[in-house]
Each structure stands twice: as structure tokens, then as C-alpha cells.
Amino acid sequence: MALLVDKLRPRTLDALSYHPELSDRLRSLARSGDFPHLLVYGPSGAGKKTRVIATLKELYGPGVEKIKIDARVFQTTSNRKLEFNIVSSVYHLEITPADVGTYDRVVVQELLKEVAQTQQVDLGAKQRFKVVVINEADHLTRDAQAALRRTMEKYSPNLRLILLANSTSNIIAPIRSRTLLVRVAAPTENDICSALHLAGKKEGWTESEVLNKRIAKESGRNLRRALLMFESIYAQNEKVTDKTLIPPPDWEALVTLTADEILAERSPARLLHVRARLYDLLTHCIPPTTILKTLTFKLVARVDDALKPDVIKWSAFYEHRIKLGSKVIFHLEAFVAKFMRIYESYLMGMDF
Amino acid sequence: MDIRNFFGGKPSQSSSEAPAKPAAKKEDSSATRKRRSRKVVDDSDDEDDLAPVETPATKAKPKSQSKPEEPKEEPTTSSDYFASSKKKTRPAKTTEKAHPDKANTVAESPKPKKTAEEPANKGQNTTRGSTKQAAKVVKDENLGADDIFASEYGKAGKGEDAYVARDDSDEDDDFEMLEVRPAAAAKMTQKKQSSRDDDDDVVMEDLPKIPAAKARPGRKRKSEALIDEDEDDDYQEPQKETKKAAPKAKAVTSPTAKKQKAVPKKAKKEDKPESKELQDIFDSIPTIEAPEPPQGEPKKFKFGAQQSRDPAMSGTKEIPAGEENCLAGLSFVFTGVLESLGREEGAQLVKKYGGKVVGAPSSKTSYVVLGGDAGPKKLETIAKHKIKTINEDGLFELIRRLPANGGDGKAAEKYAEKQKADEAKVRAMAAEIDAEEKKREAEKRKISTTTQGSKTTANVSQTPPSSQVISSSDLWTTKYAPTSTSMICGNKGAVEKVQTWLRNWHANAQADFKKGGKDGSGIYRAVIIHGPPGIGKTTAAHLVAKLEGYDIVETNASDTRSKKLVESSTLGVLDTTSLQGYFAGQGKQVESGKKKLVLIMDEVDGMSAGDRGGVGAVAAIVKKSKIPIILICNERKLPKMKPFDFITYDVPFRRPTAEQIRARLSTICFREGLKIPPPVLDGLIEGTHADIRQVINMLSTARLDQKGLNYEEGKQMSKSWEKHLILKPWDIVSKILSAQMFSPSSTATLNDKVELYFNDHEFSYLMLQENYLRTKPALAGKYHGKEQRLKSLELLDNAASSISDGDLVDRMIHGTQQQWSLMPTHAIFSFVRPASFQYGNMHERPAFTSWLGNNSKHGKLSRYVKELQGHMRLRTTGNRDEIRQQYMPLLQEKIIRRMMDEGKDCVDSVIDLMDSYYLTREDFDSMVELGLGPMDESKIKLETQTKATFTRLYNSRSHPMPFMKASNVIAPKGKKEMPDIEDAIEASDGEEIVEDVKNEDEEVLDLKKDKYVSLPKKKKAPAKSKKTKKADDDDDGDDEEKPKKARKSRAKAKA
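The listed protein sequences derive, respectively, from chains V and W. For the first sequence, UniProt numbering begins at 1 and goes up steadily by one. For the second sequence, UniProt numbering begins at 1 and goes up steadily by one.
Read the hints as simulated data drawn from the structure, not as lab findings. Some clues are possibly wrong.
Said to hold, decoys possible - Covered, in the sense of this in silico footprint (three residues per stretch, anywhere, with C-beta under 8 Å from a C-beta of chain V), are these stretches of chain W: (1) 423 to 430; (2) 683 to 689; (3) 728 to 738; (4) 853 to 863; (5) 868 to 874.
Claimed, not checked - Pulled a few chain V residues facing chain W out of the computed Cβ check, cut under 10 Å: (6) F35; (7) H37; (8) G45; (9) I53; (10) E136; (11) V328.
To be verified - A short list of chain V residues far from chain W (calculated; beta carbon distances all over 10 Å): (12) T151; (13) E153; (14) E238; (15) A269.
Yeah, the Cβ is synthetic: ideal placement off N, Cα and C, and Gly gets one too.
Using the sequences and the hints given, assemble the complete structure.
Below, the structure is given as C-alpha cells:
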């Protein structure tokens, strides 16, 4: 009864439908008996995790699919207790250190050491080492990454790491040099279309080729998103045609509305109103950079060409500041104020 | 010489309490020292002098106005003349004879009038007795004169005729021109030819001199008065009054004349863009203006002319230094934004010179100082009452030109009168205190005599000095503590309330506190007095108790008042009567009335950590007390004062007004020989926020090395004594964003602004960020239409980007770097600089920062998302953001929307879907809360039936749990004990391959404390299905490859 994305998730390397050469490489790695540390990176919805799980299955057999969540409590040096969830099977552990924010170093140190110092007891196991999958490795703090360095070498007989990241830019060079970098590119639109087609066939839905293409385009080559959109369309419409509307997610609808409001009126009162909207988005856990990016593209689509570079420039400027600062609303608001000013001054053809 | 003296004396008399002084003084020196004779001389002087003066006046008149005098005979008809020419009419009135004179010289004019009335009055009533009547008559005349002016205004205002009329008068009436011009310096020559040249000169020279001369005598007079006592007063007063009568007559015209002059001129140039009705008003004024001779102050007139010539200039202006107290008796209203003066400064300036600043204009307002952007409401009232409007130059000019103590204007006159009354009161009060002290001394003496009995008389004679020593060593606050309710400053009603409550206490006790009585105070055993410090709460409580004949038991913060101690110590008090009712100390009378006790608990809110349970204990005592209890505190609203709700009678004390305190303070100053003018006292009162105690302490300090205080010193003193109260976030932001803060004339330095930030460095910048969009930026004020909009957007952008800069600094301070030395930088970027762009009038009250609320909401919702993701983790590969942005919309669609649309029928399948993602009932609520825009929480409306079905069905089913028990806390280091988790994993490893979900359910059950065991019904379900589960487990053990299927089948089995 699960959603399509999860129901139809391929479980083995053989079942993966695109990037066959990557699947082959992973398979041979898994079979080689000399499995390296991996750093798997690629955009969201490209299939990194799916591939990693399939690889693990290749390594250990079906035992890795018996997973559970284990809630553990760690104590920081300042005696703060951190609750931390670990997804684990007998053969592997999956952690998301970014869950505990700045305390990720504690978790990495304690947990990895603990795992690394225990040898595999099950003599029947295919591999002598355990695998630790670290999600969102690019959100690890520098401290935590530094803590990983030595562990990776010292405990390599007992432990392999698979780091998952969206980009390698945040990962320090020593880690990168100790891992095998595996890039999982986003699927092409055709890949997505065929995946959608497969899903539609399995569900017995009458599908439309054109709509599938539109979904692929709209999803930004994010297969997860495409599948979810696909299902969402079929959930909302009895009959699907080429022109069926793709419902935007709730937050995107709100950003679009905000963009319209900004374009309609430029004034302090309107900025006050927009601030409330931005607060709304932020409190509902939409990341500020996503808000800024979406908003920018909505605005850019509606302004004159001459203004576009400027808008993009300021958007980038304030995105940077969002990363540097602490109170994101200040920067989002500053961007909106800046946009209002340049837009108004462009419309009036004058400047102060 | 005579005349000079005469004129010199006049203005001073009228201006202040020292009316008779100057004249008297001078004569003193020359004449004999006998006061009585002096008085007589004075009186006669007046008349004598008048005669000569009058003749010139009358002479002068004929010269210039020989014709106008004719219509004099018919006052009624004269009013008709006003329209065409005012001057003519004025002479027409018998009493207004004075007018023409006025036109010529300030000082002279009153005299003729006086002569006119006084002889008559005096003739009837004979000498001193008549003075009052004379004054009255004069007043009446004043009224009449006022009316006339009013009618003039009215007429003038009616149409443009006024203008025409004036033109006519200018052209036709040579006489009038003569009169008008004399005022202007240019015309002086003409006048000089007249017999009164000398007089004119005298006036001009004397005016500046007067203040100094007068000030000194005035003070002397006070001290003299003390010595000379009542008899002397009798003599002086009549004299004063007669003298005053004369100036008053003058006053009728002079201020109005001045005003009119000042007004129209400014109005003309300033208010051109004003509304039509205003225009009318201003148009009408000129007719009055020109004819109105300016009380013989040529300079003034000049000023007016100047003004009209060059229109309002921008840029900072030099603030003039005027004569002391020159605005006395005038009241001002500031409205709009002045050119160079901040409103605060303007008010300060006016106060400095003895004027009064009022918030809203009324008919009593002397001037409205008008700036740009004046409030329409105020303009309306101005129009209605025809108040004179001036701009800030006018104000400066007023200050520059007006003689000390307001000259002899009508307002000044009134002011002087009031001051005299005040002084009389002060003296009376001083006398009272004297009497009190004497009484005390006497008592002491009596005691000492009785105690010492046979001891020598020498002793007795020694006592007075000793007692004096004692009293002088007392703190002033003790020395001048009020001894009767009438001496308490302000809060009369509150004191009375306490008094009646205390008086009726025993009667109420008889009724068992069931009857409320008139004011409802009868049901309370205790009263709680609350108010800010230094306004006499404790004093009032003691006084009332004393007056009502109670003996006082007092506890205050100096006693420990924990629960135990309060209980034990008050127990002794509560059912006892005072011993003082039966016994008395040696030599004292037994006060039989003093059998009653009252418990005064001071500083109740001062019960702190050491007094644990004290408040509760006091409250408990209050409930069953057998004696009245008076509780005193500063803050009634504190949560810790809550136990007193409903069991005590609340009596709030408020800060007394400056008026209420001033008299008392001047009494003290007077007795201590301090010379402090009222405006300075007011300044002190204001500076301390009406804290009487503090002002008295300040005076006492000042007395140590000074004999008096001037305005500047007073201000400085109150500043250095200023209680450093921390501004509330709201005040901080409204202050920094106020239009005055950054105006060119503002005296606030950058440091002052930064200082504001540090009043509350955690809130100030957040508050500013919240409110900077709510102002009407003053910098955009000079633009219009589209330009204004663009300008305001520019300012907005500058402010917003500065706030953004500030946040980067904030990160450096509060981030990992902890660079606290950057705080001032943060203050500038995030607080001062944005305000420097956006300052201006606020549309509304500043709002509290919404960042905090949103931040905590964000925290809460991200916890929800985290939890959701944690639950869904076995099924999905997405991280939190992906869950929120990609899964949430579909899940909302499939779960929430579906339940909204399809009702309870779909509940079953919805629960299936939730189970497949391990979502709990709480997660459902979180999902609802996480909705945005079209799926906003407020838009989600589930039918109650659906909801009920959902809850019921959900609870009746068992659900998969993805969790394993939490293992023990792992210590950061050192302890190398093997954690449980290891065992668990190892164990499971060995035997049954842990098939996640189901087994965990059982394990979870063991751990009662585990937070994931939240649904009570869940416990039952697994228990029931244990057997089936176990069977399943076995099966699972076999087919390991498809755990998912197994899980499903299990779920079905359970269902």
C-alpha cells in the first residue's frame, strides 16, 4: 500500500534501469572482495541510496534488507543528551549525523569506534567488515569529517564507509582522497519517462506519453519527484490526458503567490506582507535557499530581460549571505526589498 | 527721575510675585526706611506720577489722533468702526483710552488707564480697601477688551473687506499710520519729536534692566516678609494689587497685539499651501495685525517685518538666549515638524524660559508653534479657537524680545498672580511647619522639664538649641515628612480610601467582613498599597494609622520574612492590643485611644530568595487576621503577588503631578533658604519622574554648597541623579525610529543611539527589524507621488541590506568565533543604520518581534519533520528536506485530502497507507500542521465523524513499529563498558534473525519508560496477537528474502 516510489524501488543491481555501466562497476566492486570506501554523490532523486542498498545486497545477500531503527542516546561533553536514530541490519549501519547538528562529531567518534572495534562474529557472513552508510555527508561539520579521517584507515579491516552526498564540495580533501568517488548522475528525461511508463504499466493506469514528458521536465530530472508527481496526478484525476494539470506542491504554490504579490505592488506595506509569507514558508521547514531559488525563478520569468541579470546577481548575493548569517529572514527580506527597488526604478526609468 | 522709576518698576511688578518691590526698593533707598510710610508714599506716588504721565499721554493722543477721539462717546457704534479701522474704535472706549498710549509706549499705557479707574474707585472705597475692587474692575475691563478683540476677529474673518479696510486705513488714516509706525524703529523719529521721546527711550532701556533688578528684590522680599510677618504683608499687598491692576489693563492689549502681529506675518508666508479654511483665518488676521500697535516694543515689530520679508529659511538656526522666565504664563502647543528644532528641544526651550507646553491646543493656548505636516485635528482646533500660530522663528523671536518674566503681558500677569498665590501658600505651609516644630520643641521641653524635674532651668533653656540640632541633623525627608493628610502630595483619594477602610475596620470585623460597605472595602481584612517608589506610600500608611489612632507594628525588607518567621513573629501581634493604650513612658500622657494595632508590612514584593514562602504565609495571615494589615509594594502585577488577589483591598498610588509637589518643595526650599525658581523645580520633578523623596534628597544635596539652582544646573543634576532605567524593547524602537532622533537639529550623538541598542541588546535589533517597515520615512517626505514611492523603496532597501549586514556580524558574535567586541559594530549595522534611513513617524504602536515566535514554531515543525522522516526511514531514502518537499504534498493528498473528500469510508485504507510508512496518529496531526498554502492548517476541515472514526479505528488496530529499544546512554569517553546495543545486535545475530518490526513491539513493551510506547491500546493489541506473531516470525525466518511481504501478511493477520 506504499507509494509507487517505494513500492517499485529496485532491490538489486540488476533491476536498476539506468546507468548500467555504473551498476556493473558496483557489482564488480562488491564481488572483488576488496571493497573500498565509497563516496557516492549526485543530485537528489538520482538513485544514490537505492544503488547503495543494492550494492550492499550484492555484498551480503538478502540479510541487509532486514533493517530496524535503533534509537540511541549519546552524551556530549557538556552532558547534553542526544537522541540518535540508527538504521541497521546485521551487516550494516546507516546514520545521519547531521540530525544532531553541531554535535555530529560526538556521534561519529563514538559510534564508528564502537563498530570498528567489534569484529564480525558471524562466521558465515560473506564479508569480514561491516559497512557504515553516512547520509548527508556533505552536511557533516569539519570536526566530524576530521574525526573520520583516521578512523577510515585505522579500522579498515573491520569497517567500510559509504558516504552519501549531494556534492563533494563540502567534503574535505583528505576524505575525498581516501574514498572511491562514485558519481550518480541524474536520470535523463527519457530515463524518467521509461520509469514512469513502467510504473504506469504495473499499476494498470492508462498513461499519456506527453504527460510523462511534461512530468519528467517539471521534476527537474529528479526521479523520486517525478514518481511522486505521477502518482499525485493519478490520485487527483480520474482520467488523465495530455493536458492534465500537474499540481504544484503546497509550498511552491505559496512561493508563486508571493512572487505575484511582489510584482503587483512594491511598497513597505507589501514587504511587511511578504515577510509574513516568508516566515510561513520558513517555519514549515522549507529551506531558505530553496525559497530564494524558487522565488527568484518565479520573478525572473516575469521581468524584462534587461533586469534579469541584476535579479540573479542579487539572488546569488543573498543566498551566500543566508549561508553566512544566522537569521535567514533578514536576508530573504533584504532580497525582496532589493528586488522591489530595482524593479520599481526600472519601471519608472529613473534612479536616485 | 520719577517717571523713570515709575516705568522701571511697572513691568517687574506685573511680571512676578515681586510687584511692589522695585518701585518700593528704589524709593526705599531714597526715602525713609519706614515701611508703612513707604507704602503710603507709594500709593501717593502712583497718583502723583500718574498725573504727569497722563498729561503727556493725552497730549500725545491729540497730536496723532485728535479726530478719532470724537467717536469715543458711543462705544456701541465704535465696534462698527473696527472693521474699517481699529484704532479709532479703541480710543472710543472710555477705558480704552489706554490704547493709543499703548501704541506709543508699552509702559505708559497702563498708567492712564489706572488713573482713569483708580481715582474713581479710590474715591468710592477709600485707599487700600478699594484695591480689590479696583482689580476686579480692571478685570472686567479686560474681559471687555477681549471681547472686542474677538468681535474684531470675527468681523475681520468674515470677508475680504478686512483687507480692504486695512488698506484704507493705511492710506487714509494718517493718524493711524502715525500710531502704527511708532512701533517700528523707523518711525521713532516722529515720536521723538513728541513730548514722549524720553519715555520711549526709557522703556527701551529699562526693559532689559528690569529683570535683574526685579529678580533680586523679589527674593529679598521673601526673606523680608518672613521677618516682617503679617503686618507687613498687609501693607504690601494692597500696594501690589493696585500696581498690578494697572499692568493688567495693559496686558489686555499687549499680548494680543503682539500675538496678532506675529501670527499673521508668519501665517502669510508659511501657510500659503495650506487649506482654504486656514487661508481664510490667516487672511483675516492681517486686518487686526497692522492696526494693533505692538505694546510699544519697536524691536518686535521690526522682527515681524523682517520675517515677512525673507520667508522661512531652512538650516540650523541659532537658538537665542532670552531673558529669564520671559515666556512666563504663556502656553505653547507644538505641532508638526519644525524646521530646525526638535519637538523635544522646543518644549525644553519653552520650559526653560518659564513657558508651558501643552499637548493639544485649546482656547487657552497662547501660541501654536506650527511646523510642516501639522496634524489636521490640531489645525482644526486652531481654526476654531483662532489661536495664534507662529513658526519656530517666531518662537525664537519671542524669546529674544520678550522682557524677563514675560514683561507685563496679560499672561505674564496671570502667571505672576498665580505665583504670588503659590508663594502665599508656601509661606503658609512654612509657617505650619514652623508651628509644628515649635510644638514639638515645646513637647520636648515639657518632657525634659518633667523628667528632669527639679533640674535647673538652665537645662530647659538648653533644650531648644539641642532640639534644633536634632532636627537639622534629620534627613530632609524625615524632617519634612507630612504630618497630616492634607500635606501628602497627590493621591488624596487613595489616602482617603485607606483611611475610611481603617476607620471602619473594627465595625467590619464585627460584621465578620461580610458587608462591603459603601466602597466595597468592608470585606477586606487587609489593604495593599502599590505604586512606584518615592511617592509617599509608607508615609501615607503611617500617617493614616496615626490619625486613626492605631499603634503601628511594622516589618519591612530589613527583616527576614520567610514563611516560618512570618508565622511565628506575627502570631504575637495578631490577637493583641497595644500596650500604649494603658501605659506610657515617663512624663507622657497615656493615650487611651492607642489600644488598637495595625500591622504594616512594607516592601512586600521585596521578599526574595531568603524569604521563601513568605508571600504565601502573609497571604494566609491576611485571611484570618484579627487586626488590620496594610501591605505596601511597588509592583502589584508580579506573579509572586498573586496570592494577594481577592483577599486584599487594592489601592493604587500614582505619581503626583508636578503641581502637587511643587508647593511642598518650594516650602522646603523657602525654609532652607534655597532659591530655586519654579521652572527648575519642575525640571527636577520631571527628571526624577515625580519621586518626591529623590527631589528632596537632591535639594538637600544642593543646599550643601549652593544657595540656588538655575535651569541648567537643575537639569544637569537631575540627569546625574537619573535612575538608570532600562528601556523596554518597545520604547527603544519607538525612540530610535522617532523623527527627532536623526533630524539635523537632534543633539543625540551616535553614541547615544548605540547606547539605545545596549538597553536590551538581545531585543533591540529584532524589534527594529520588526518595525522599520511601519514608519513613514521622514527622508522621503520631501518627495511626492511616484518619486516618493521610489525614494521610500530605496530607503527600505538600504535599511534591509544594512540589517542583513548586521546579521553577518551577529554570526561572528554568537557563532563559533564569539567575537563579543563586535557588539558596537552590530549595534550600528543592525540597529542605528537601518533606523537612520527609515526614521519617521510610526503609523501604529511598535509591534513585538515576530522572529522569536516564528523561530520556535520552526523548531517545533522541524522536530515534526524529523520525526516523520525517522518513521518513514525504513521505507524511503529521502532526507528531511526531500520528505517535506516531495513526499509531503502527495501524502497530504492521499491522507488528509482524501479523508476530507471521501469521509469515513476511506479511513481504513488511509490507515493502511500510514502503516506502510510507519506513521503514527501523532504524525497525522503533524502532517496537518505542516501544510502550507492550499493545504494550510486552517483550511483543513475534517468532519468530526470522520475524525472520530479515524481515531477509533486507528486505536483499535495494532500498528507496526520501526523502533528498537533505546540503549543506555553512552558516556562521552572513558567508560568502556560494552553498551547494551552491542549485546542486542550480537544476540539477535546469533539466534532468531531479528525480523524488525514485530519483535520490537514486544521489546518495547518491556521498557515502560520508552517514549515510543505512547498508545495505551497498543499494548493490548500486540499481546493478543502474540501467538500469531510468533508463528509469523517462524515463517519469516524461512523466507528472508521478502520481508516486506511478510510484514504485509502480518499486518493482515493482525487486522
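The hints, checked one at a time:
1. 423 to 430: violated (count 0)
2. 683 to 689: violated (count 0)
3. 728 to 738: violated (count 0)
4. 853 to 863: holds (count 5)
5. 868 to 874: holds (count 3)
6. F35: 20 Å, violated
7. H37: 20 Å, violated
8. G45: Since the shortest Cβ distance to chain W is 8 Å, the answer is holds.
9. I53: 8 Å, holds
10. E136: E136 of chain V check passes; min Cβ-Cβ to chain W is 6 Å, inside 10 Å.
11. V328: With a minimum Cβ separation of about 9 Å from chain W (threshold 10 Å), the hint on V328 of chain V holds.
12. T151: Correct as stated: the minimum Cβ-Cβ distance to chain W is 15 Å, above 10 Å.
13. E153: 21 Å, holds
14. E238: It holds; E238 of chain V is separated from chain W by about 13 Å at its closest Cβ, greater than 10 Å.
15. A269: 7 Å, violated
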